[in-house]
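Those protein sequences? They're chains V and E, same order as listed.
Letter by letter, the first sequence follows residues 1 to 345 in the working numbering.
Letter by letter, the second sequence follows residues 1 to 285 in the working numbering.
Some hints could be false.
The following label-pair restraints were derived from C-beta to C-beta distances [to be verified]:
1. 100/E x 57/V: 39 to 47 Å
2. 231/E x 76/V: 52 to 60 Å
3. 235/V x 146/E: 31 to 39 Å
Simulated from the structure, these hints should not be mistaken for lab results.
Glycine included, C-beta positions come from ideal geometry on N, C-alpha and C.
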Amino acid sequence: MGLSNFHIKGLLRYLPVLLLLLASCGVEYDYADNPQGNFEALWRILDDRYCFFEYKDIDWNNIHAQYEPRIKQQMTDKQLFDVLAEMLAELKDGHVNLYSSFNTARYWKWFEDYEQNFDMNLLTRSYLEPGGYSIAGGIRYKIMPNNIGYMYYGSFSNPIGDGNLDEIIAAFISCEGMIIDVRDNGGGTLTTVNQIASRFTNEKILSGYVQHKTGTGHNDFSPLTATYLEPYRGIRYQKPVVVLVNRSSFSATNNFVSVMRELPNVTIVGDRSGGGSGLPFSSELPNGWTVRFSACPVYGVDKQHTEFGIEPDIYQSMSTANMLVGIDDIIERGYEVILESARNR
Amino acid sequence: MIKSLCLCFFVLLSAAVFAQKNDVKPLRPVTAATTVSIGGGKIYDTYLSPIKYGGQAFGIHHERMRVSRFGDGCLTSQHLLSAEAEHTENPAGNHTMWGASFDYTYGMFYRVASGVPDLKILAGAQLASCFGVAYNAHNSNNPANAKGDINLQLSGMVIYRWCIKGFPVTLRYQTSVAMVGVFFCPEYGQSYYEIFSLGDTGGIVHFGSLHNQFNMQNLLTIDIPVNTWFLRIGYRNNIRTFRENHLRSQIYTNSFVIGMSKEFSSLRKKGKVDNRARSVLSAYY
Numbered sequence: 001m002g003l004s005n006f007h008i009k010g011l012l013r014y015l016p017v018l019l020l021l022l023a024s025c026g027v028e029y030d031y032a033d034n035p036q037g038n039f040e041a042l043w044r045i046l047d048d049r050y051c052f053f054e055y056k057d058i059d060w061n062n063i064h065a066q067y068e069p070r071i072k073q074q075m076t077d078k079q080l081f082d083v084l085a086e087m088l089a090e091l092k093d094g095h096v097n098l099y100s101s102f103n104t105a106r107y108w109k110w111f112e113d114y115e116q117n118f119d120m121n122l123l124t125r126s127y128l129e130p131g132g133y134s135i136a137g138g139i140r141y142k143i144m145p146n147n148i149g150y151m152y153y154g155s156f157s158n159p160i161g162d163g164n165l166d167e168i169i170a171a172f173i174s175c176e177g178m179i180i181d182v183r184d185n186g187g188g189t190l191t192t193v194n195q196i197a198s199r200f201t202n203e204k205i206l207s208g209y210v211q212h213k214t215g216t217g218h219n220d221f222s223p224l225t226a227t228y229l230e231p232y233r234g235i236r237y238q239k240p241v242v243v244l245v246n247r248s249s250f251s252a253t254n255n256f257v258s259v260m261r262e263l264p265n266v267t268i269v270g271d272r273s274g275g276g277s278g279l280p281f282s283s284e285l286p287n288g289w290t291v292r293f294s295a296c297p298v299y300g301v302d303k304q305h306t307e308f309g310i311e312p313d314i315y316q317s318m319s320t321a322n323m324l325v326g327i328d329d330i331i332e333r334g335y336e337v338i339l340e341s342a343r344n345r
Numbered sequence: 001m002i003k004s005l006c007l008c009f010f011v012l013l014s015a016a017v018f019a020q021k022n023d024v025k026p027l028r029p030v031t032a033a034t035t036v037s038i039g040g041g042k043i044y045d046t047y048l049s050p051i052k053y054g055g056q057a058f059g060i061h062h063e064r065m066r067v068s069r070f071g072d073g074c075l076t077s078q079h080l081l082s083a084e085a086e087h088t089e090n091p092a093g094n095h096t097m098w099g100a101s102f103d104y105t106y107g108m109f110y111r112v113a114s115g116v117p118d119l120k121i122l123a124g125a126q127l128a129s130c131f132g133v134a135y136n137a138h139n140s141n142n143p144a145n146a147k148g149d150i151n152l153q154l155s156g157m158v159i160y161r162w163c164i165k166g167f168p169v170t171l172r173y174q175t176s177v178a179m180v181g182v183f184f185c186p187e188y189g190q191s192y193y194e195i196f197s198l199g200d201t202g203g204i205v206h207f208g209s210l211h212n213q214f215n216m217q218n219l220l221t222i223d224i225p226v227n228t229w230f231l232r233i234g235y236r237n238n239i240r241t242f243r244e245n246h247l248r249s250q251i252y253t254n255s256f257v258i259g260m261s262k263e264f265s266s267l268r269k270k271g272k273v274d275n276r277a278r279s280v281l282s283a284y285y
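Whole structure, please, built from the sequences with the hints as guidance.
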């Protein structure tokens, strides 16, 4: 009983071929890589995963009906991209982008339709002065002539170490107060928000809520999860703090403003923040284009969305006349707030 | 009287020696094999992308088998340790997804009587654990998805040994299927920021069975003697899939396997009986 040598030799002869065949199974695709397939994939990804349909009162099925007739089998990649970009703009969301090798679709009306209220050149020329400031972990800082500490943080993606913050706060310890300028800061890492904000509270406080989608339905959300800000176990700042904001203070920066406004010594000055309260996820289309979209809504402590920005405590814009003579009205207003607080102490 | 006592003592001593000879335990050599695998890999993880990625899979595997000291030679233990990585691309060829996993599996098998001396049929259960990750560098807040599961598996193995021109060749096929266990899966749109930074860990560990997961391993190998060791070549198939929280995860690898195998035995003389005088209970050969 058993296999004969003839069979065994045959098996051994064809074994490498058999093994290679088994090892080369192909890849299947769920969507066709053509204009229709890419359109359907994009629509479906957002239908399943985008988190603000109800809040923004968007009828996504209607959007499909509106844009689907514009998809033609013979259209070029650029034509397809333009239609898809237009469809995504219906979401009015700065976190929604479509990336191809030749273009990035974006919705930037949240700052393009408003005054910029920030001029980096003016800031550097008239306030920081070239060579007159220090840089620690992506933060530019200086003690101004009126004894107010000023720091400019341009991106929450720029890493900061606790040692950097120790040095900056130690430098400002004898100042009347400090200004944190996050204008034109387009966001970055949420953990950095807490890392900085934890230097300005002496007790654990509620800082907001977050939730995520639990299914593909537009209202399939988890219960709200509370987020807390805990005081840093080290050097913390106890004097008045002013946060300068403009319409380009977006995403994680918007969250920073949302957290900082809950602190007693903090005043928000400038324009409304840019919003962008949805934690963005990414996905992709069959043709390799990447889509980014808001997936997890982040709320303020009042359980309200901050997707369209946060009102400042004190509205202040920059006048063109003052800009021409090197004056940043928002910084000047920040000075006033701090000096007034110092007088009242 | 003294003669009678001496005679009795001699008979008892002889009986004791005879009994000791009969109690000599057979050698239970360890069959240890180390192999590398190379082949095709496929990753489909809807937390990261709705597109199926395909590419290459690489791995290194170690296996140890031994007849257990319990069970009167009918039980065989098996340890499997694997590290596997996949490098895959999307069909458009502009995004890369990496997969990596580490597996440890312990199994105990019962040798079923086959009636054929050179044919071993083993059936048993395994406790299998696997931890890994799928990583897509293009994604923003969902760049990676962790994998982790512990399962009780059913496994079967057939080992057949025959000679080609005096060369003992050993063919083995083993298949394992996970029956029950637990596995990790984030909620549908849950970010790892929520899990790790905010500590929102509810609902991420799930009971797994055939209704929501299918894990299967197939291994087909041929061992060819070379000097004092064996060349092992074969095919390895690994399927790890689950469907939970409206998410799907599928990782498939189909690989060509090559490596070496050897039987090891303790040089210690048990009961002063030379190893050469002991019978051998091999788990594999």
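- Do the beta carbons of residue 100/E and residue 57/V sit within 39 to 47 Å of each other? Given a distance of about 43 Å, which is inside 39 to 47 Å, the answer is holds.
- Task: Take the C-beta atom of residue 235/V and the C-beta atom of residue 146/E, compute their distance, and say whether it sits inside 31 to 39 Å.
- Result: For residue 235/V and residue 146/E the Cβ distance comes to about 36 Å; the hint holds.
- Message: Please check whether residue 231/E and residue 76/V have a Cβ separation lying inside 52 to 60 Å.
- Response: 55 Å, holds
Hint violations for this structure: none, all hints satisfied.
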